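Listed in order, the protein sequences are those of chains A and B. For reference, each letter of the first sequence is one residue, going 0 to 283 in numbering that gives the first Met the number 0. For reference, each letter of the second sequence is one residue, going 0 to 43 in numbering that gives the first Met the number 0.
To be clear, the hints were calculated from the coordinates, so they are not data collected in a lab. These numbers were taken from a predicted model, which means no experiment stands behind them. Keep in mind that the hints are not guaranteed to be accurate.
[What the hints assert, rightly or not] Listed below are the simulated BS3-like cross-link pairs for lysine-lysine, each with C-alpha atoms no more than 27 Å apart in a straight line:
no.	chain 1	residue 1	chain 2	residue 2
1	B	K3	A	K257
2	A	K270	A	K257
3	A	K257	A	K242
4	A	K269	B	K3
5	B	K3	A	K242
6	B	K3	A	K30
7	A	K242	A	K116
8	A	K116	B	K3
9	A	K242	A	K270
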Amino acid sequence: MRRRRLSQWMAAIVSNSYLSGWLEGRIYQGKLKMICVPFLNCYSCPGALGSCPVGAFQSLAAGFGRTLSLYIGGLLLAIGALGGRVVCGWLCPFGLVQELVHRGKRVRRRLPKALEKVKFVVLGLTVALPFVWRDGVGLAEPYFCKYLCPAGTLQGGLPLVAMNPGLQSLVGWLFGWKLLVLILIMVAAYFYWRPFCRVLCPLGAFYGLLNPLSIWQLRLRGERCIDCGACTRQCKAALDPTKLPNNSACVRCLECVKACPTGALTFTNKKPTNRAFSGRVLKY
Amino acid sequence: MRGKAGPSLFLLGLIMMFLGLVREEALQVLGKAITLCLQCIGIG
């Protein structure tokens, strides 16, 4: 098994390894839930041991205290500053699900650039709405989780509703809507590589902003590049790593690094030297 | 800008986390996360 796939499976299994929850249809209520995982993983999933940063951030912001969580913001900033979207490519369980749905498709489909910007709007709304859109008594809701998050439906909604007759009686239009969103994303994932991550994920948008700033970065050694195009052909997100190695759309799966026959592309924390980067102007 | 801001942002993130922990935000997260989020699963 490839290292990246193994890492994705390990993250998915470890973060959702509360067996009693899966067997009895309830959620884990222990102290590990103080810890936020760095990827989208619904804390209402019966197996979840940690908290979802997006869900927790929104829930804290939605309360009467309107807490802007330094703990969650700081955690995401620190992790993003280390490797940008490495978390998306190597750890996120919902990214894994989309890749499994897409498995075997060799066609690289480019998404319209405008669509890839939508995730930044989703990020802005995810952060801002719980602070500003409040009901009569002054409470808000976790709007992203409620109306958009397909991970919550897949990991939490479907298993919990299937196992709890009490919840089945409460199913209404919202569950139908979230199921529709999940189905649409899965259909899109069949044709496009990781469409949710590229178009809608607020966490991916945040980490993506840190891609050009992170300590570990994709670097191109101009003098070694022979313009063979192997990296571009290998990129499932249809990006060109030789033009924009640290594009915010890149989930850093690092397949391009593996594909490069001359070692011109590296994922490193070393600072570039003039000699190593001579002969090519990189745009960031 | 390339890569230079990374260490500073990393440090800022750690400081923010520390301040958040001092404000007992981890306990607030726990309080939210041990309750079934009906909105998250599409019921609330």
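Of all the hints given earlier, name the ones this structure violates by number, lowest first.
6
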